[in-house]
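Trainee: The primary structure of each chain is shown beneath.
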Amino acid sequence: NAGVMQNPRHLVRRRGQEARLRCSPMKGHSHVYWYRQLPEEGLKFMVYLQKENIIDESGMPKERFSAEFPKEGPSILRIQQVVRGDSAAYFCASSPGGGEKLFFGSGTQLSVL
Amino acid sequence: GQQLNQSPQSMFIQEGEDVSMNCTSSSIFNTWLWYKQDPGEGPVLLIALYKAGELTSNGRLTAQFGITRKDSFLNISASIPSDVGIYFCAGTFGNEKLTFGTGTRLTIIP
Chain A
571 NAGVMQNPRH LVRRRGQEAR LRCSPMKGHS HVYWYRQLPE EGLKFMVYLQ
621 KENIIDESGM PKERFSAEFP KEGPSILRIQ QVVRGDSAAY FCASSPGGGE
671 KLFFGSGTQL SVL
Chain B
9 GQQLNQSPQS MFIQEGEDVS MNCTSSSIFN TWLWYKQDPG EGPVLLIALY
59 KAGELTSNGR LTAQFGITRK DSFLNISASI PSDVGIYFCA GTFGNEKLTF
109 GTGTRLTIIP
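Which chain is which? The protein sequence lines are A and B, in order.
The opening residue of the first sequence carries number 571 in the numbering used here; numbering runs sequentially from there.
The opening residue of the second sequence carries number 9 in the numbering used here; numbering runs sequentially from there.
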């Protein structure tokens, strides 16, 4: 009865490299959400996906960031050409339906050197 | 966009004391959730509220959904060391994304 699984837990990238963050939702959950958290701050919504569809990407920067949730496999948050300001904890959450309680993974801490 | 303000920002209490924190919104929600986050971990759901006026308990935790649908509070009775962490309220309306509050950091003074 695994919860939301995120990997890697820690990711170090140099400026200009790509970061790929993976999230496997809880079994039976088809809705995935990505949030970003800076130190000492709350969680900021980035994107909401339902299998193969992006439902709401209003919190995701238009440049360099993309997200997908394919029919098979985990959801991926991709950050191209990372900059220092991308350093943050990125959390994935899943739910069985929209507007329902979210269950979070342990996060990926991205550090950009 | 929707904003959730939590107060207080931080609390310093002694073990055994009761704790009260609240969350207010600039717009109405139809679901309120309370989460706790430990350092280096993701938020863990504590209590979910679905109806205005609803009062729900989970062990030593009690939360209420305000009548106006724009606020909620969380109480912790007889605090213990493992209660230390950051508490976040979160709200949603319809099938929209969950919006998080600014957090209340709870510290227990020995």
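Don't take every hint at face value.
[What the hints assert, rightly or not] Which chain B residues face chain A? A few, computed with CB under 10 Å, are given here: (1) Ser-15; (2) Met-19; (3) Glu-49; (4) Leu-53; (5) Arg-77; (6) Phe-81; (7) Ser-85; (8) Ser-90; (9) Val-92; (10) Phe-108; (11) Thr-115; (12) Pro-118.
[As the list claims (entries may be wrong)] DEER-style ranges, computed between Cβ atoms: (13) A/Glu-610 x B/Asn-66: 25 to 31 Å; (14) A/Pro-666 x B/Arg-113: 26 to 32 Å; (15) A/Ile-646 x B/Ile-21: 37 to 43 Å.
[To be verified] Calculated Cβ distances over 10 Å to all of chain B for the following chain A residues: (16) Val-582; (17) Arg-592; (18) Gly-612; (19) Lys-621; (20) Asp-626; (21) Pro-631; (22) Lys-632; (23) Glu-642; (24) Asp-656; (25) Lys-671; (26) Leu-672; (27) Gly-675; (28) Gln-679.
I should point out that these hints are in silico values taken from the structure, not numbers from a laboratory.
We put the CB at the ideal spot given by N, CA and C, even for glycine.
Trainee: Against this structure, judge whether each hint is valid.
Mentor: Status of each hint after checking the structure:
1. Because the closest C-beta pair between B/Ser-15 and chain A is about 13 Å apart, greater than 10 Å, the hint is violated.
2. For B/Met-19, the suggested interface contact is broken, since its CB lies about 15 Å from the closest CB of chain A, more than 10 Å.
3. A hinted interface residue such as B/Glu-49 counts as satisfied when its beta carbon comes closer than 10 Å to some beta carbon of chain A; here the least separation is about 6 Å, so the hint holds.
4. For B/Leu-53, the interface hint holds, since its Cβ comes within 10 Å of a Cβ in chain A; the closest pair sits about 6 Å apart.
5. The closest approach between the C-beta of B/Arg-77 and any C-beta of chain A is roughly 15 Å, which is over the 10 Å cut-off, so the hint fails.
6. Because the closest C-beta pair between B/Phe-81 and chain A is about 18 Å apart, greater than 10 Å, the hint is violated.
7. Given hint, B/Ser-85 at the interface with chain A, is violated; its Cβ is 23 Å from that chain's nearest Cβ, farther than 10 Å.
8. The criterion of a C-beta within 10 Å of any C-beta in chain A is not met by B/Ser-90, whose closest approach is roughly 18 Å, and the hint is violated.
9. Proximity of B/Val-92 to chain A is violated relative to the hint, the smallest CB-CB distance being about 16 Å (cut-off 10 Å).
10. Look at B/Phe-108: its Cβ gets to within about 4 Å of chain A, closer than 10 Å, so that hint holds up.
11. For B/Thr-115, the interface hint is violated, the least distance from its beta-carbon to any beta-carbon of chain A being 14 Å, above 10 Å.
12. At a threshold of 10 Å, the smallest CB-CB gap from B/Pro-118 to chain A is about 23 Å, leaving the interface hint violated.
13. In this structure the supplied range 25 to 31 Å holds for A/Glu-610 paired with B/Asn-66, their Cβ-Cβ distance being about 27 Å.
14. The hint said 26 to 32 Å for the Cβ distance between A/Pro-666 and B/Arg-113, and at roughly 31 Å that hint holds.
15. For A/Ile-646 paired with B/Ile-21, a C-beta distance near 42 Å keeps the hint of 37 to 43 Å intact.
16. No Cβ of chain B approaches the Cβ of A/Val-582 within 10 Å, the least distance being about 16 Å, so the stated non-interface status holds.
17. Every C-beta of chain B lies more than 10 Å from that of A/Arg-592, the closest at about 15 Å, which supports listing it as non-interface.
18. In this structure A/Gly-612 is not separated from chain B by more than 10 Å, as the shortest Cβ-Cβ distance comes to only about 5 Å.
19. Residue-level check passed: A/Lys-621 sits 15 Å from the nearest beta carbon of chain B, beyond 10 Å.
20. A Cβ of chain B approaches the Cβ of A/Asp-626 within 10 Å, the least distance being about 6 Å, so the stated non-interface status is violated.
21. Distance check for A/Pro-631 against chain B: the nearest CB is about 16 Å away, which clears 10 Å, and the non-interface claim stands.
22. With a least beta-carbon separation of about 17 Å from chain B, A/Lys-632 lies farther than 10 Å from that chain, consistent with its non-interface assignment.
23. Every CB of chain B lies more than 10 Å from the CB of A/Glu-642, the least distance being 24 Å, so the non-interface label holds.
24. Against the 10 Å criterion, A/Asp-656 stays outside the reach of chain B, whose nearest CB is about 19 Å from its own CB.
25. Non-interface call for A/Lys-671 relative to chain B: violated, since the shortest CB-CB distance, roughly 5 Å, does not exceed 10 Å.
26. With a minimum CB-CB distance of about 6 Å to chain B, A/Leu-672 fails to clear the 10 Å threshold, and the non-interface call is violated.
27. In this structure A/Gly-675 is not separated from chain B by more than 10 Å, as the shortest Cβ-Cβ distance comes to only about 5 Å.
28. Residue placement check: A/Gln-679 does not keep its beta carbon more than 10 Å from all beta carbons of chain B (closest about 8 Å).
The structure fails to meet hints 1, 2, 5, 6, 7, 8, 9, 11, 12, 18, 20, 25, 26, 27 and 28 from the earlier list, while all remaining hints are met.
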